[in-house]
Amino acid sequence: MSAPIRFRLNGTEVAVTAPPNRRLTDVLRLDLGLTGTKVGCEAGDCGACTVLVDGAQACACMIPAAQAEGTQIVTVEGLAAKGEMSALQRAFARHGAAQCGICTPGMLMAASDLLRRNSRPTEDEAMDALGGVLCRCTGYRKIVEAVLDAAANRPEASPPPSGEAVGARLQRVDGLPKLDGTERYGDDVAPADALWLRAVRSPHARAIFTLGDTKALRAKYPGLARVFTARDVPGNNGFGIYPTIKDQPVLADGQVRYRGEAVCALVGDRATIERIRDDELPIAWQPLAPLMGCPAAKAQGASAIHAHLPDNVLITGRVVRGDVEAALAQAAVTAEGAWETSFVEHAYIEPEAGYARRVGDRLEVHACTQQPFAHRDEIAQVMGLPPERVRFIASAVGGGFGGKLDLSLHPLIAMAAWHLDRPVRCVYTRPESMASTTKRHPAAVRGRWGADKEGNLVAIDFDGDFNTGAYASWGPTVATRVPVHASGPYKVGTARAFARAIHTNEPPAGAFRGFGVPQAAVLHEGLMDELADKLGMDRLEFRWKNAIRVGDATATGQVMEHSAGLAACLEALRPHWKRLRAEATEHNRRAGNGHASIRRGVGIGCMWYGIGNTALSNPSTMRLGIAADGRVTLYNGAVDIGQGSTTVLQQIAADALGVPVDCIAQIVADTARTEDAGKTSASRQTFVSGKAAELAGLDLREKVLRLANAGPKARIAIDGRRLRVKDGEAERTVDLSALKPDLPGGDVLTGRGRFDPPTKPLDADGQGVPYATYGFAAQLCDIDVDVELGTVKLRRFVAAHDVGRAINPPLVEGQIHGGIAQGIGLALMEEYIPGRTENLHDYLIPTVGDVPPIDVILIEDREPLGPFGAKGIGEPALVPTAPAILGAIRDATGAVVRKLPALPHRVRAAIKATQGGTQP
Amino acid sequence: MAYLRPHSIEEAVGALAARPLIVLAGGTDHFPARVGPRAEEDILDISAIAEMRGIAEDDRGWRIGALTTWTTVAQADLPPLFDGLKLAAREVGGAQIQNRGTVGGNLCNASPAADGIPPLLSLDAQVELVSAAGPRRMPLADFVQGNRRTARRGDELLRAIYVPRPGHLARGDFLKLGARRYLVISIAMAAGVIERTGENTVAAARIAVGACSASAQRLPALEHAMLGTPIDKSLAMRVTPAQLDALAPIDDIRGSGAYRREAALTLVRRLVGRLAAA
Chain A
35 MSAPIRFRLN GTEVAVTAPP NRRLTDVLRL DLGLTGTKVG CEAGDCGACT VLVDGAQACA
95 CMIPAAQAEG TQIVTVEGLA AKGEMSALQR AFARHGAAQC GICTPGMLMA ASDLLRRNSR
155 PTEDEAMDAL GGVLCRCTGY RKIVEAVLDA AANRPEASPP PSGEAVGARL QRVDGLPKLD
215 GTERYGDDVA PADALWLRAV RSPHARAIFT LGDTKALRAK YPGLARVFTA RDVPGNNGFG
275 IYPTIKDQPV LADGQVRYRG EAVCALVGDR ATIERIRDDE LPIAWQPLAP LMGCPAAKAQ
335 GASAIHAHLP DNVLITGRVV RGDVEAALAQ AAVTAEGAWE TSFVEHAYIE PEAGYARRVG
395 DRLEVHACTQ QPFAHRDEIA QVMGLPPERV RFIASAVGGG FGGKLDLSLH PLIAMAAWHL
455 DRPVRCVYTR PESMASTTKR HPAAVRGRWG ADKEGNLVAI DFDGDFNTGA YASWGPTVAT
515 RVPVHASGPY KVGTARAFAR AIHTNEPPAG AFRGFGVPQA AVLHEGLMDE LADKLGMDRL
575 EFRWKNAIRV GDATATGQVM EHSAGLAACL EALRPHWKRL RAEATEHNRR AGNGHASIRR
635 GVGIGCMWYG IGNTALSNPS TMRLGIAADG RVTLYNGAVD IGQGSTTVLQ QIAADALGVP
695 VDCIAQIVAD TARTEDAGKT SASRQTFVSG KAAELAGLDL REKVLRLANA GPKARIAIDG
755 RRLRVKDGEA ERTVDLSALK PDLPGGDVLT GRGRFDPPTK PLDADGQGVP YATYGFAAQL
815 CDIDVDVELG TVKLRRFVAA HDVGRAINPP LVEGQIHGGI AQGIGLALME EYIPGRTENL
875 HDYLIPTVGD VPPIDVILIE DREPLGPFGA KGIGEPALVP TAPAILGAIR DATGAVVRKL
935 PALPHRVRAA IKATQGGTQP
Chain B
16 MAYLRPHSIE EAVGALAARP LIVLAGGTDH FPARVGPRAE EDILDISAIA EMRGIAEDDR
76 GWRIGALTTW TTVAQADLPP LFDGLKLAAR EVGGAQIQNR GTVGGNLCNA SPAADGIPPL
136 LSLDAQVELV SAAGPRRMPL ADFVQGNRRT ARRGDELLRA IYVPRPGHLA RGDFLKLGAR
196 RYLVISIAMA AGVIERTGEN TVAAARIAVG ACSASAQRLP ALEHAMLGTP IDKSLAMRVT
256 PAQLDALAPI DDIRGSGAYR REAALTLVRR LVGRLAAA
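Residue numbers (this note's numbering), protein chains in the order written: chain A, 35 to 954; chain B, 16 to 293.
Since the hints were derived computationally from the structure, they do not count as laboratory data.
Here the structure is a predicted model, which means the values were calculated and not measured.
Even for Gly, the Cβ is constructed at its ideal location relative to N, Cα and C.
Please note that a few of the clues may not be correct.
[Unchecked claim] Below, simulated DSS-like cross-link-like pairs (lysine-lysine); rule was C-alpha separation at most 30 Å, straight line:
#1 A:Lys-946 with A:Lys-612
#2 A:Lys-568 with A:Lys-579
#3 B:Lys-248 with A:Lys-946
#4 A:Lys-827 with B:Lys-101
#5 A:Lys-487 with A:Lys-525
#6 A:Lys-525 with A:Lys-933
#7 A:Lys-568 with A:Lys-933
#8 A:Lys-612 with B:Lys-101
#9 A:Lys-525 with A:Lys-794
[What the hints assert, rightly or not] Stretch by stretch, here's where chain A covers chain B in the computed footprint (C-beta under 8 Å, at least three residues):
#10 64-71
#11 198-207
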């Protein structure tokens, strides 16, 4: 080891002894314990590790320790060095610029570099400075706003008074740790003495293999504690989302079904497991011909990927209502078309990470997740332990979007920690995360739609193949949700919709923001545009005419009873639509004289989305307690993956109980201390857990009022160890310290709320009540298309969303911005190809320069079942975006892009096809 | 494992003469190629060699030290001849990469999509290699031999890039085509320099296209066709598909070969149009 490397870190001299080629990220995080600097890719593609080196932004992952010598380095921990947040950090908090927070340190450092040189930057300058940091949550707009507003150094708003938290533009209650580097994500929680685990993964999409004796390997590498194989799984070597489908092995047992599948796990000290190359393992591979894509898997004679599914069809979902053939035969106009979408990667900036340890005869797992209780149960069955002997404590989650609903590293670290009786940690590399974890289903959707001559939709016929990859994961969810949503948010009497989940030798396709509905929406909106054009109707007005309204029945026979706000969304968009259309027409008329290469167009996309699980129970339970010292605690089992459930649930609980929102503390997502709130998925936490939080608050309130013998309108104030309850003129005091503190958490009073949205099972024809409520939205997109190059420049979105009630408007806006950003990616650039785009420079997600201004219009058509009228927003935000973009491309050029993403070469080819194949 | 970080070129080439070493400068290509399990390597970190940094000018032209960062290029006080190189400098990754990544590293990495190579070809750049045996110079076009292949021997360092002073008033430009705004690998790009006579005709033209062949290429047929012609709106009309015949664009995840060929033609026409209008 050479001499210590000396540099100034956040203003203090440090000397660190480290290998000179060690990445500066590792020096900061592991040698110096400053985990505020995040690692997203180790390749300079994401910018999460941005620090200042001599005042200039740089990716710490690409700086060898030796090059730190003599420099001044500032990390996120140095921004609030004197204990007080900087103006920039406060601006981030005010603007809601941090959602999951994993990119926030990088964003803050990149912005600091800019603001040091230029305290009043323009928007373009801000974007240039932030262009090297990827964010997957926010859609960047609020980050740019915060950077431009940092110099203003505005005062903090005071928190809302008692009873006024719902609807307030409250900053997130868990926001500060995301801004000062103290938030603890999956790779920030392990103890220093933990061993490291690295999975060895299949380089083949389909193969059988034998694993030889690893004795020689262990002899060569003394730092290698053990090599785990399928034989070491103590319980069932199979996991999966559905109780009856445990088809995915923890470690493959002799055969692999996709590239990236784990075959064994190396555990030891970090240097050792990182030095061992995969080809040093005694694995004898026998590759087999893989089935790539649905057509290959469906082909006559294709071999079965799972023996029990000879045709490789996992499941077919269906909704049938009326005689579709007859209705389409009688339709005045019909439109028919087919579209294809690609694998889409969640690309959360935090790769999967966590650690596990054995505590006596119990197992404790600290890791990223979107569903701690289901993960606890799944780890238990893999380990052959009863669930109560497994505790799952969710780390902060650096983005999920559905991708952290499945198990990933959890059973590996659990098994290793159990056998070795040592803490074991693991963090996936970016290529490993991309190769091994779930994706959005690639879909091939076809449809034929018909309308009468007055412009009423009369029938829809939909058929979709969804490539569910090697294992079931959420394939059944997609196959059942898609047919229900296939009609789009429109009233149609006759419908036939089939969706198949088909196994291939590709990565498991699972849950990704929308569960197949975004793919189906590409078809329904494409055909709605075509029908409108054939009828000679305006595209927005045709949608408005057919919008499903209260009193209308859906294709599953469910009658909308409340809160169906699509028509209101379209009415809100109407003036924007007219203005932008007129501007586009004028632009194109003028462009006719000399600038013909740029054509402008406006597109519209509509959506609906059933909140919660499809015709399945999905309850949530929340608890709210008061301790003898007056502390109020919300025991909240819902994981906040950045969307803001922690804040929203606190607002709801505060108003239900009748106390100021800032007097509540929380315990979040710990299976030993909170109850099961279900999954952070299906846009359900505000609606389902929100209702449970409301009920918990009301339950506790009732108990307090009963103790005080007060009426329902009484006001509760917390005064140290006493509650003062004011009922009209009378004030009564409840002495908390006199009550028995025997409840969980040491509380003396506790309220509990449980909510399971009411649904009715779907019959064989998909008839029933699959969801208790639906979110609705319509988005407009204004774009320029470079017709010679096929490139698309987005100019503006206008997004109108019926959310029932916005519990926290800035968080709702944040979800809409972020959903649009992901919709932009789906539409224009994201295409995961196994083995070819397993990094964030070949797989492209939108950067700060790719998301245009977004105008958000919130429609609040109250849902009586929801807390204070609220529904959900997470997935609705994304669904209409790609259809709006594709519609705008068609509006601008006449070209219909049939294969997503609409990369420049595909747009250009579609434009040429409309020109009869001739060159311009 | 050895990790050498010399302060002089003499020490560096001495070390290279003794044994094979991986040369590390800004690290922005080095580390991305080493994600995941990795064997130990012997490294020569040249980042502390001060004489290899910065841009200098004399009567004959400009010398860009191989360790000059892209940010330094973008912010340098340089004549319009360098406008294309400066635009390219702002497209090499994000600001973090521009702050660390070096001009020399971009050339030695020799990606077909290297943003720095087309503008340097249009500047008629030469590279200077140095070894314990002494220096040698060659045109950049000879140095970059293909996809990630260069003429650099294992015992040599790329010390500097030389840009000759043009004989006439000259201006450069650069156009990049990618599927997103920042941090994007080019689908195709075009760079060019036009030198103009006092009569406003083309005294010399150097046009290069990147990401459309194993290494970026100049378009001599086009350059020749433009010579002596007036610099006006008609100049872009002199670009013909045949002048791009030597390109060999491939199908990959970013675009089809056929699309690339067509896009390159569009980019070159626009580039020439912009240069003529400037």
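Right, here's what the structure says about each hint:
1. A:Lys-946 with A:Lys-612: 29 Å, holds
2. A:Lys-568 with A:Lys-579: 15 Å, holds
3. B:Lys-248 with A:Lys-946: The given pair, whose Cα atoms are some 26 Å apart, holds under the 30 Å limit.
4. A:Lys-827 with B:Lys-101: 23 Å, holds
5. A:Lys-487 with A:Lys-525: Cα-Cα ~16 Å, so holds.
6. A:Lys-525 with A:Lys-933: 28 Å, holds
7. A:Lys-568 with A:Lys-933: Measuring from Cα to Cα gives roughly 23 Å; hence the hint holds.
8. A:Lys-612 with B:Lys-101: Measuring from Cα to Cα gives roughly 42 Å; hence the hint is violated.
9. A:Lys-525 with A:Lys-794: Holds, because 20 Å separates the two Cα atoms, which is no more than 30 Å.
10. 64-71: violated (count 0)
11. 198-207: Since three or more residues must qualify, the claim that chain A covers the stretch 198-207 of chain B holds, with 4 doing so at under 8 Å.
The structure does not agree with the numbered hints 8 and 10 stated previously, though it agrees with the rest.
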